[in-house]
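S.K.: Turn these sequences into a full structure, and let the hints guide you.
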Amino acid sequence: MAKRIALAQLSSCWGCDQSLVDLHLGLLDVLPKLDIVFWPTVVDYKLADLEALPNRSVHIGMVEGSCRTKEDLHLLKVMREKCKTLVAWGSCSIFGGVQGLANQWDLKELLERKFIQAETVTDPRIPDENMPGFTEHITPNPQIVECDVLLPGCPPTSENTLDALTALLTNKPFDLPTKTVCDQCPMERKEKHIKKFKRNYEGNIEAGKCILDQGYLCLGFATMGLCGAQCPSVTTPCKGCFGPTPIMSDHGAKIISALGAVAEMEPEELKGSFPDPIGSFYFTDYAASYLSKMRGKERGQEH
Amino acid sequence: MTEEKTVKIAPVTRLEGHGELTLKIGVDGKVKDVQFNVSSTRFFEKFLEGRFGEEAVRIAPRICGICPEPHHLASTKAVEAAWRITPPPAAVKLRRLLINAKQFSSHAIHFFALAAPDFLAGPLGDPAKRNVVAIIKALPDVGKMALQMMQFGQDLCAAVGGKAIHPVTSIPGGIMHPFSEEKRDEYLKRSEDALEWTTATVDLAKKVVQDYWDPITKLAIVPTYYLGMHNNGKHEIYDGKLRVMDPDGKIVADFKPKDYRKYYGEYVANHSYATHVYYKPEGYPKGIWRANTLARCNVVDEMTTPLAQEALKEMRDALGRPIHATFAYHWARIIELVQSLEEIVGLLKDPDIVSADIKLADVAPRKGDGVGCVEAPRGTLIHHYWTDERGIITRANMIVATNNNIAGLEKSLLTTARQIFEDNALDDLKLPEPMI
Amino acid sequence: MTAASQQITKSSKAKRKAKGEFEPRIVAFCCNWCSYAGADLAGTSRMQMPPNARIIRVNCTGRINVSFILDALHQGADGVLISGCHPGDCHYTSGNLKMQGRFTLLRHLVKEAGLHPDRVHLQWASAAEGDVFTQGITAMVERIKKIGPNKVKER
Ligand code: SF4
Ligand code: SF4
Ligand code: SF4
Ligand code: FES
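Protein chains in written order, with our numbering: chain Y, 1 to 303; chain F, 304 to 739; chain H, 740 to 894.
Just so you know, the hints here were simulated from the structure itself, not pulled from any lab data. Don't take every hint at face value.
Stated by the list, open to error - One-sided and incomplete, this derived list gives chain Y residues near chain H with beta-carbon spacing under 8 angstroms:
no., residue
1, S257
2, P267
3, I278
4, K293
As the list claims (entries may be wrong) - Calculated lysine-lysine pairs in the DSBU-like style (CA-CA distance at most 35 angstroms, straight line):
no., chain 1, residue 1, chain 2, residue 2
5, F, K311, F, K589
6, H, K884, Y, K195
7, Y, K198, F, K559
8, Y, K46, F, K333
9, Y, K46, F, K616
10, F, K616, F, K583
11, Y, K192, Y, K179
12, F, K544, Y, K46
13, F, K559, F, K733
14, Y, K209, F, K652
15, Y, K271, H, K884
16, Y, K77, Y, K108
17, F, K440, F, K544
18, Y, K46, F, K509
19, Y, K198, Y, K209
Being a predicted model, the structure only gives us computed values, none of them experimental. Think of the CB as a built atom: it goes at the ideal place given N, C-alpha and C, for glycine as much as any other residue.
M.R.: This is the structure we're talking about:
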C-alpha cells in the first residue's frame, strides 16, 4: 500500500524540491508508492487540508527550508504533529542554510536594508498587513522540533533523496556517512605544503590534482561525503554545502583546526587570507554553529 | 451577503515562492481587492555583505532553486562589471549554453507541471487530479515526454555548470571547467530527441490554444507596461539592453542595464514581502509592468532562430502586438522553448564550445560597482554589487525576476476575480471537456 | 569615592556577588608539559591567583579541538584562556605553532560573529614560570571584567 507523504517548504529556494523532481523518469517508480497528502509546488492541497489530518497520520514528512517567518514555525510544528517520521530535508532544514548567514545581523538591520534602504525602493516601509512577521534569528529545525531523519545537501542530490525515501518506504535505517567529500573525490592528493591561499579566480586550477594542495580553499576534508564530490570533479572548490560530518560538531572549528595544520604561513598572513571566516567556513550551516547559537540565545529566539 | 468577506487561499499552489492570496469581497458582492501576499524573504541583499565577490557567485544561486543558473550568471556578471573584466568569448558561449539549457527545462517544467494541469484536467477539476502527478497517471505518454524534456535541460545544465541545481563553474573571469567533446557529441545526439518532443509540445499547445480560445481572448486581459531584454531588436537572455513597452505598444525606454535605477522603482506594498517593481517614470500603480515570457515576446522585434520566429509571427497574427492576454504567457513560453532548443543546438555546433580558453588567469579585484543583468525564465533579473579594493562586497541590490510580475499578477487576478464573481464570466465561457 | 563603592571595598566576595559585581568564569586549557606544570607550581608555591579559572589539562595546545573552545563559550564561559609552551619548546615540536595559527583565525571568527575577541586569549608559560601563569590568569580576569559577562548565561 502506498505510504502517505507530506512535503512542506519553509523559507527556502525550493531546490530540494526541484532535486526530487529531477529524478525525472525515476519518479515513475517512486510516485506509485506514495500517496501525496500535501505538496504545494505540485498539488493543490491547502494548509487547512494538512491541519485537518489526524495527528501522526502521515507516514513521511519532508521539510525543506528554515524558519525565517512565524508562519514557517507554525508549518514546521504542524508537520511534526501530523507526521510519524519527520525528515529534515536539505541543509536549510538541518543547518539553517545559506540564509543562516543573516544571523550575523539583527533582524532590524536586515529589514532596513531590504525595505527601507534598498537603492530602488521608492516608498520605504516594513510590510505588516496580512503578513506573518519574521523570526529574530534562523534556528536549525532540529533545535525546534525533533527530526527523525537528517538528509543534508544544498540540495541533496536526486539520488540522495531517492535513497532516503527508499529506506523509509522499506523501513530500513538511513544513516549519514562519516566519510568526507575527499573520500569520494577523484583528484590526486599529495602531501600538503600550503604557502599561500589563492582566491578562486586566481590563476588556473589544474585538473586531476587535489585543489587544496594547489592552495585553494577546498572544503572537501571537512564536509560530509554524500554528493559524489560534484564540485571538485569540475575543478571547482567544494564550499561545504552538505555541512560537517556527524562526528564534527562545528564546521568552522574543524576547518580552522585543519588550516592550522596544513598552512605553512605566519598566523597574521593566514588570517589575512580569510577576511570573511563566516562566509568562507560556514556556507550553509552558520546557524548551526556554536557562535550563531550564542547570538540566538542573546536574541531570545522564539520557538 | 451582509458583511464584507475575506477569502484566503493558503498557500497558492503550483507556484514557486511562498504566496497566499487574499480576496476581499464587499457587502454588495463586488470584489474590492486582491492581495498577493508573498510571505517570505531571506535577506540576501544584506548577508552578501562582507563576502568575497567570487563567493557571492556561489551564494546567489540559492535565491531560487528552480532558476539558479540566471542568478549564478547575473552574479558573475555583476562582479565582472565591478572589477571591469571581460571573460573570453568561449566562456560567454558556455554561459549562453547554460542559460538556454535552464530556459528549456524551466519552460518545460512550467508548462507541464504548473500550467498544463489546468488545461488537461480543466481549471475547475478535482484538486486530486489537477496536478502533474495525475497527468502522468492519466496520460502516461505526455507525462513521460514532459519528464524527458525536463531531464534533457537539467542534465545539460549539470554538464556545463557542474550541478543543475546551484551550478558552480561560472567565476569572475570565465568558466572553471571546459566542456568536453564527448559531452558535446552526447548532447548533440540527445538534442534530436529533444527536438521531437518540442515539436510535439508545440502541437499540444496549439490544441490547447484552439480549445481555450474563448478564455484566452476573454479572461484576464490586462494592459500593463512590459519589460524585456533585446539585442538590436532581437530576443536576448544573456546580455543586452532593456526595453520598456507601454500598454499601447510604444517603446518608451531602451537602456543599458547599468542605468536601471532611472527606470526601476520598487513599490513596497504593505501586504507583501516581495516588492512590486514598476516603471519609475510613470509612478505606481500607473507604471506597473510585467516581465517574463510574454513581455519579452512583446518588446522584441523578432526571435533569434527560424522556428521560434515563425511561432512568434503566428502568435502576433492571432493576437497582435502588444498582447495583454495573461493566458498568452503560456503561448509565449512555448515560443521561447523552441528558441532555447534551437540556440542550444547552434551553440553545440560551434567549435568554440569545447575550447579550453575559457578563463582569464590574471583577474584583479578592484573597488567599484557593477550591474549584472540576464533574463531568467520568469523575467529580467538584476544583481548590483559594490566591492572594495579586495573585491569584497560592501553593498548589494537585487531585483529578482518574479518581483517584476507581482503587481501585474494582482491586477490580472483582480480583473479575473471580478469577471468571475461579478459578471459570472465562467457561465458563458466555452470550455472544452477535460482530457483527464 | 561614593558611599556605595566604599561599602564594596569592605565586603566579602559573597557580598560583592550579591551586589551584582561580576565574577568571570574562565576556562583555561593548559598544556601538560609547560603550562600545567606552571599552574601546579603556582598552586604549591601559594601564589595569589584569582579563583575564577577552571583548568583543563591537555597533552599539547596543538591537540586542543577548536570546537571545545567554542563549546565552552557556548556553555556560558566568560572567557577561554589557552596556555602553552613557548615557541620552540613544544614537546611535540610545533603543536603550539599550529595552535597559534588556529587561534589567530579563531579570534577573528569570534570577532566577526559579534563577540568581543578578547574572550579568547593565548599565552605562553613554561614549567618554571608559575608567576607568568598566574599573572596571565589575573590579566584574563581583568580583561573579561572589562568586557562584561557572556550574555548566553543570562537567559
Ligand atoms: S538546502 Fe539549498 S537547495 Fe535546499 S532549499 Fe535550502 S538553499 Fe535550496
Ligand atoms: S580537498 Fe577538495 S580536491 Fe582535494 S581531495 Fe578533498 S575534495 Fe578533492
Ligand atoms: S562538492 Fe562540496 S560544495 Fe559541491 S556539492 Fe559537494 S558538498 Fe556541496
Ligand atoms: S607540548 Fe606544550 S604546547 Fe605543545
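S.K.: Look at each hint and say if it fits the structure.
M.R.: Checked hints:
Residue-level restraint check for Y/S257 holds (minimum Cβ-Cβ distance to chain H is 5 angstroms; threshold 8 angstroms). For the restraint placing Y/P267 at the interface with chain H, the shortest Cβ-Cβ distance is roughly 4 angstroms, inside the 8 angstroms limit, so the hint holds. Annotation: Y/I278 was flagged as interfacial toward chain H, and the flag holds, the nearest CB pair being 5 angstroms apart, inside 8 angstroms. Interface restraint check: Y/K293 against chain H, minimum CB-CB distance 6 angstroms, threshold 8 angstroms, status holds.
Between F/K311 and F/K589 the alpha-carbon distance is near 27 angstroms, which keeps this suggested pair within the 35 angstroms criterion. The hinted pair formed by H/K884 and Y/K195 fails the criterion: a straight-line CA distance of about 39 angstroms is larger than 35 angstroms. For the suggested pair Y/K198 and F/K559, the alpha carbons sit about 34 angstroms apart, so the restraint of at most 35 angstroms is met. Taking the CA atoms of Y/K46 and F/K333, the gap is about 25 angstroms. The hint holds against a cut of 35 angstroms.
Of the supplied pair hints, the one linking Y/K46 and F/K616 is violated, its CA atoms being roughly 40 angstroms apart against a limit of 35 angstroms. Between the alpha carbons of F/K616 and F/K583 the distance comes to roughly 31 angstroms, so the proposed pair stays at or under 35 angstroms and holds. A hinted pair counts as satisfied when its Cα atoms are at most 35 angstroms apart, and Y/K192 with Y/K179 qualifies at roughly 20 angstroms. Only pairs whose Cα atoms come within 35 angstroms are accepted, and F/K544 paired with Y/K46 is rejected, the gap being roughly 41 angstroms.
At roughly 44 angstroms between alpha-carbon atoms, F/K559 and F/K733 are farther apart than 35 angstroms, so this suggested pair is violated. Annotation: proposed proximity of Y/K209 to F/K652 holds, straight-line Cα distance about 30 angstroms (limit 35 angstroms). Between Y/K271 and H/K884, the direct Cα distance comes to roughly 27 angstroms. Compliance with the 35 angstroms bound is thereby established for this hinted pair. Taking the CA atoms of Y/K77 and Y/K108, the gap is near 25 angstroms; set against the 35 angstroms cutoff, the hint holds.
For a cut-off of 35 angstroms, the pair hint linking F/K440 to F/K544 is broken: about 44 angstroms separates their Cα positions. Only pairs whose Cα atoms come within 35 angstroms are accepted, and Y/K46 paired with F/K509 is accepted, the gap being roughly 32 angstroms. Simply put, Y/K198 and Y/K209 have alpha-carbon atoms about 15 angstroms apart, close enough for the 35 angstroms limit, and the pair holds.
Comparing the model with each earlier hint shows violations of hints 6, 9, 12, 13 and 17; every other hint is respected.
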